[in-house]
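Given the sequences, and given the hints that come with them, work out the whole structure.
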Amino acid sequence: MKLLKLVPADTNIKFLRLRVPFFVVSLLLIAASWALVFVNGLNLGVDFAGGQEIQATFTQSDEAPVPELRESIAAVEGVGDPVVQRFGEANQVSIRVKLPPEAEGNPAFADELTKRITTALEAGYDDIQIDAVNSVSGKVSGEFRQDAILALLAAMVAVALYIWIRFEWQFGAGALFALFHDVSLTLGLFALFQLEFSLQIIAAILAIIGYSLNDTIVVFDRIRENLKKYRKMGIVEVLDLSMNETLARTVMTSLTLLVALLPLLLFGPASLFGLVAAITFGLFVGTYSSVYLASPVLIWLGVDSNSFVPRESEADRQEKIARGEA
Amino acid sequence: MLDFPFWKKLMLWGITLAAVIAALPSLANSAGIDWPDELPDPMVNLGLDLAGGSHLLLEAEVEEVRSQQLENMEETVRREMRNAEPRIRIGDISTSGGQLSFILSEPGDIDRARGLLEPYIMGDGLNREWDLEVVDTQRMVLTPTETGIEARVDDAMESATEVVRRRIDDLGTREPTIIRQGDTRIVVQVPGLEDPDALKELLGQTAQLEFKLVDKDALPSNVQAGIAPPGSQIVPYAPGTGFEGQFEAVERLGGIRGDSLTNAQAGVDPQTNENVVDITFDAQGGARFAKLSTENVGERFAIILDGEVISAPYFRERILGGRAQISGNFTAESANSLAISLRSGALPVPLTVIEERTVGPDLGADSIRRGMIAMLIGSIAVIALMIATYGRFGVYATIALVFNVAMLLGIMAILNTTLTLPGIAGFVLTIGAAVDANVLINERIREERKRGRKVVTAVETGYKEASRAIYDANITNFISAVLLGLFGSGPIRGFAVVLILGLFTSVFTALPLTRMWVAGWLRKARPADINI
Numbered sequence: 001m002k003l004l005k006l007v008p009a010d011t012n013i014k015f016l017r018l019r020v021p022f023f024v025v026s027l028l029l030i031a032a033s034w035a036l037v038f039v040n041g042l043n044l045g046v047d048f049a050g051g052q053e054i055q056a057t058f059t060q061s062d063e064a065p066v067p068e069l070r071e072s073i074a075a076v077e078g079v080g081d082p083v084v085q086r087f088g089e090a091n092q093v094s095i096r097v098k099l100p101p102e103a104e105g106n107p108a109f110a111d112e113l114t115k116r117i118t119t120a121l122e123a124g125y126d127d128i129q130i131d132a133v134n135s136v137s138g139k140v141s142g143e144f145r146q147d148a149i150l151a152l153l154a155a156m157v158a159v160a161l162y163i164w165i166r167f168e169w170q171f172g173a174g175a176l177f178a179l180f181h182d183v184s185l186t187l188g189l190f191a192l193f194q195l196e197f198s199l200q201i202i203a204a205i206l207a208i209i210g211y212s213l214n215d216t217i218v219v220f221d222r223i224r225e226n227l228k229k230y231r232k233m234g235i236v237e238v239l240d241l242s243m244n245e246t247l248a249r250t251v252m253t254s255l256t257l258l259v260a261l262l263p264l265l266l267f268g269p270a271s272l273f274g275l276v277a278a279i280t281f282g283l284f285v286g287t288y289s290s291v292y293l294a295s296p297v298l299i300w301l302g303v304d305s306n307s308f309v310p311r312e313s314e315a316d317r318q319e320k321i322a323r324g325e326a
Numbered sequence: 001m002l003d004f005p006f007w008k009k010l011m012l013w014g015i016t017l018a019a020v021i022a023a024l025p026s027l028a029n030s031a032g033i034d035w036p037d038e039l040p041d042p043m044v045n046l047g048l049d050l051a052g053g054s055h056l057l058l059e060a061e062v063e064e065v066r067s068q069q070l071e072n073m074e075e076t077v078r079r080e081m082r083n084a085e086p087r088i089r090i091g092d093i094s095t096s097g098g099q100l101s102f103i104l105s106e107p108g109d110i111d112r113a114r115g116l117l118e119p120y121i122m123g124d125g126l127n128r129e130w131d132l133e134v135v136d137t138q139r140m141v142l143t144p145t146e147t148g149i150e151a152r153v154d155d156a157m158e159s160a161t162e163v164v165r166r167r168i169d170d171l172g173t174r175e176p177t178i179i180r181q182g183d184t185r186i187v188v189q190v191p192g193l194e195d196p197d198a199l200k201e202l203l204g205q206t207a208q209l210e211f212k213l214v215d216k217d218a219l220p221s222n223v224q225a226g227i228a229p230p231g232s233q234i235v236p237y238a239p240g241t242g243f244e245g246q247f248e249a250v251e252r253l254g255g256i257r258g259d260s261l262t263n264a265q266a267g268v269d270p271q272t273n274e275n276v277v278d279i280t281f282d283a284q285g286g287a288r289f290a291k292l293s294t295e296n297v298g299e300r301f302a303i304i305l306d307g308e309v310i311s312a313p314y315f316r317e318r319i320l321g322g323r324a325q326i327s328g329n330f331t332a333e334s335a336n337s338l339a340i341s342l343r344s345g346a347l348p349v350p351l352t353v354i355e356e357r358t359v360g361p362d363l364g365a366d367s368i369r370r371g372m373i374a375m376l377i378g379s380i381a382v383i384a385l386m387i388a389t390y391g392r393f394g395v396y397a398t399i400a401l402v403f404n405v406a407m408l409l410g411i412m413a414i415l416n417t418t419l420t421l422p423g424i425a426g427f428v429l430t431i432g433a434a435v436d437a438n439v440l441i442n443e444r445i446r447e448e449r450k451r452g453r454k455v456v457t458a459v460e461t462g463y464k465e466a467s468r469a470i471y472d473a474n475i476t477n478f479i480s481a482v483l484l485g486l487f488g489s490g491p492i493r494g495f496a497v498v499l500i501l502g503l504f505t506s507v508f509t510a511l512p513l514t515r516m517w518v519a520g521w522l523r524k525a526r527p528a529d530i531n532i
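Here the protein sequences line up with chains A and B, keeping their order.
First residue of the first sequence: 1, per the numbering used here; consecutive thereafter.
First residue of the second sequence: 1, per the numbering used here; consecutive thereafter.
If you're looking for bench data, these hints aren't it; they were derived computationally from the structure.
Ideal Cβ positions, reconstructed from N, Cα and C, are used throughout, including at glycine.
Don't take every hint at face value.
[To be verified] Only pairs whose alpha carbons sit at most 25 angstroms apart, straight line, appear in this in silico SDA-like list of lysine to any residue:
no.: 1; chain 1: A; residue 1: K5; chain 2: B; residue 2: K450
no.: 2; chain 1: A; residue 1: K2; chain 2: B; residue 2: L522
no.: 3; chain 1: A; residue 1: K5; chain 2: B; residue 2: A528
no.: 4; chain 1: B; residue 1: K450; chain 2: B; residue 2: A519
no.: 5; chain 1: A; residue 1: K5; chain 2: B; residue 2: D529
no.: 6; chain 1: A; residue 1: K228; chain 2: B; residue 2: K450
no.: 7; chain 1: A; residue 1: K115; chain 2: B; residue 2: A198
no.: 8; chain 1: A; residue 1: K115; chain 2: B; residue 2: Q208
no.: 9; chain 1: A; residue 1: K5; chain 2: B; residue 2: I377
no.: 10; chain 1: B; residue 1: K450; chain 2: A; residue 2: I13
no.: 11; chain 1: A; residue 1: K98; chain 2: B; residue 2: S489
no.: 12; chain 1: A; residue 1: K232; chain 2: B; residue 2: E448
no.: 13; chain 1: A; residue 1: K115; chain 2: B; residue 2: G242
no.: 14; chain 1: A; residue 1: K115; chain 2: B; residue 2: P236
no.: 15; chain 1: B; residue 1: K464; chain 2: A; residue 2: S305
[Claimed, not checked] Derived contacts from chain B toward chain A, CB cut-off under 10 angstroms, selection only:
no.: 16; residue: G204
no.: 17; residue: G364
no.: 18; residue: I368
no.: 19; residue: R370
no.: 20; residue: I373
no.: 21; residue: L376
no.: 22; residue: I377
no.: 23; residue: N442
no.: 24; residue: F478
no.: 25; residue: L499
Written as structure tokens, this is what we have:
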């Protein structure tokens, strides 16, 4: 049987020749992402902004009366500007309502508003079936925001520390920078398209951190091995060699993950779409950042063939001097 | 590496089969097959987002505990001073600013007053519950200590959790989960609930029932203007009573709290055909109620529920049997709901729903169906890709993948963890991660063969060199998944749990298990070349 070879044997791509332009582009993309986050803002879902998200099905209709629904919900007392969208099938909708300012300091308001909206829906439409209600008060959403930021920072720092311990500090720095890039671009994507940013997206970003790091570690592991093996080779050549050697694996793994994720993206439950879309996006930026960000950082931070030679201790050096060897 | 001693094989197969067998009840259940009762049946729980149900996060209004604590102390002080021999005269009692302060008419009574209050100040005897200060020689100021408040809040939450449990049980729902969370919160999870509004209404009702005498000397115009006569307070009528917008002035002290009830039943008054709630006091409450009614025959009293008047009837006669009837323009439902609340006892502190997640059973079932279809298509695509790329080694990877998913399910069942909607995405990611380990190994074997190594050495080096990166990658993944689990609640935690357990099963199936199979094949077939 002839086996499939996605990547030809013995590739010799000079990945790092373009490291400076790619690096500059990446820096610009990171800057653009943060600019988008600060200018456009993230479209925070009810988890982080507080409010209601209600999913409903019009069981007797082919299509949900979206514009009419928007008006009737906007008429509910306390509701500002509801977002009503098709969600899943044509007769299914998602209704999102942000908490009004008067909810500030009144944690019971969210629940009161939920009751008003569901009552109005059930009174206004005979065939409406309420599938899901998410109601989050301002107090809880504030805690979620804080916890999410903490979790992201803690995850990035913890894994960078682990890599520092397992490799060298330059590798930790390289990995951390790559992760920062992945997280930034994912946030930028959500800010650009104003996709709903929910708790699930935080879970997706943490999965991206894990995946991107997986890639980075595979490349780093090979770099370490080759640095020890080819002591006379220049650092750039070692990095290029390592990436070429691991290229087949990188392509294969990314492809299998993509193949596993796509059906979930296309046929999976509508409520998982954001999570899976974010992870799929992260798959691409994560693979890219391992090659073009994590590795060049190693060159600039002065990794060379001596990085993994055990350093002689001060005591040994003194002893050598005393014996007249140095 | 070809050497797999018998005990090692036995152990690997033992672990694998044990985990796979543990998955069988869950698989049988999802396929609609009945699992025999005689056999043990570890099950993967379905999260509320898949099974349907309500998740409510309730928060206690702690302020209420503080003010109640002050009010109780005020009654204690009045009682103790009145009953002292000789009586200690006090005045200018105030409970503002979170303190209770009063003036002793005779400064000489200070030491006696202090002695009487000492037992209450010390609380349980271990930690002071109140600080007592004397200002200007005759004003006593009582301030609750932080530990005192904490102890009160803790007691209140403990019994609130119990009350919530009783109310939900009374509702007849199956397998609710009620857990105290943190200092002032309670998590309620009720699977397969038809009507979350009824549940919320039940939990929203503090059911603090009070009977207080109506202040008959209060001027109606003052009462409606919200001005209370000394010693009285203004209480509004509850909505739906027919007197909305009106008020009653009631005497602040000397009433009866409804926490000494032994029973409450919804019923219909045969004479008026009204919906009522019949209540029965315990012995002590019955005696107090008898005394109150005896002393006030012909007077009006207000039945106050959660700070709102529901009716204000007359004591027509002495009520001695410890039974009473509450009427207040109830519907059959609201009478029943009130009866449940009263039966289960009053909540010692009002609870607010600060987060709600409700999923209908249809949506959950649809999510499972879609998730399963997506996972099936994804798995088939991954398997096809693996076999096309690595041939025989791809087949081993595929078998490892199937075992991986089954083991993951089995371990989740043994640990009694919950599968949530994001957890399904976790399964898909686990499939991806598991494949990565095999890809790393197989690519390495390819490389080593290309470098001219013999088959056995190439396979051996492939496993050895790849393991390092596999372990490092999985440990970092583990770190980020653990942080996710610590941070996330509910569904997100379910995602983290699948990722974490999946890391273990992936490494187990990808490294020792496939190595055992490959080694077995190499020993038997002794191929001079391998197609990889």
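Quick rundown of the hints versus the structure:
Restraint check for A/K5 and B/K450: the C-alpha separation of about 14 angstroms stays at or below 25 angstroms, so the hint holds. The hinted pair formed by A/K2 and B/L522 meets the criterion: a straight-line CA distance of about 20 angstroms does not exceed 25 angstroms. At roughly 21 angstroms between alpha-carbon atoms, A/K5 and B/A528 fall within 25 angstroms of each other, so this suggested pair holds. With a C-alpha separation of about 20 angstroms, the suggested pairing of B/K450 with B/A519 holds against the 25 angstroms cut-off.
In summary, the hint linking A/K5 to B/D529 is supported, as the alpha carbons are separated by about 18 angstroms, within the 25 angstroms threshold. Restraint check for A/K228 and B/K450: the C-alpha separation of about 21 angstroms stays at or below 25 angstroms, so the hint holds. Note on A/K115 and B/A198: the hinted pairing holds, with a Cα-Cα distance of about 11 angstroms set against a maximum of 25 angstroms. Restraint check for A/K115 and B/Q208: the C-alpha separation of about 23 angstroms stays at or below 25 angstroms, so the hint holds.
For the given pair, A/K5 sits about 23 angstroms from B/I377 by alpha-carbon distance, which is consistent with the 25 angstroms threshold. Among the hinted pairs, B/K450 with A/I13 is consistent with the structure: their alpha-carbon atoms are about 18 angstroms apart, no more than 25 angstroms. With a C-alpha separation of about 21 angstroms, the suggested pairing of A/K98 with B/S489 holds against the 25 angstroms cut-off. Straight-line distance between C-alpha atoms of A/K232 and B/E448 comes to about 22 angstroms, which keeps the hinted pair within the 25 angstroms bound.
Under the criterion of a C-alpha separation no larger than 25 angstroms, the hint pairing A/K115 with B/G242 is consistent with the structure, at around 23 angstroms. Between A/K115 and B/P236 the CA atoms are separated by roughly 23 angstroms; this keeps the pair inside 25 angstroms, and the hint holds. Simply put, B/K464 and A/S305 have alpha-carbon atoms about 23 angstroms apart, close enough for the 25 angstroms limit, and the pair holds. Using the Cβ-Cβ criterion of 10 angstroms, the hint placing B/G204 at the interface with chain A is satisfied: the shortest such distance is roughly 8 angstroms.
Look at B/G364: its Cβ gets to within about 9 angstroms of chain A, closer than 10 angstroms, so that hint holds up. For B/I368, the interface hint holds, since its Cβ comes within 10 angstroms of a Cβ in chain A; the closest pair sits about 8 angstroms apart. Taking 10 angstroms as the C-beta cut-off, the interface hint given for B/R370 holds, the closest approach to chain A being about 5 angstroms. This hint holds: B/I373 has a C-beta 6 angstroms from the nearest C-beta of chain A, less than the 10 angstroms allowed.
Because the beta carbon of B/L376 sits about 8 angstroms from the nearest beta carbon in chain A, less than 10 angstroms, this interface hint is met. Because the beta carbon of B/I377 sits about 4 angstroms from the nearest beta carbon in chain A, less than 10 angstroms, this interface hint is met. At its closest, the beta carbon of B/N442 sits 9 angstroms from a beta carbon of chain A; the interface hint therefore holds under the 10 angstroms criterion. For B/F478, the interface hint holds, since its Cβ comes within 10 angstroms of a Cβ in chain A; the closest pair sits about 9 angstroms apart.
At a threshold of 10 angstroms, the smallest CB-CB gap from B/L499 to chain A is about 7 angstroms, leaving the interface hint in force.
Checked against the numbered hints given earlier, the structure satisfies every one of them.
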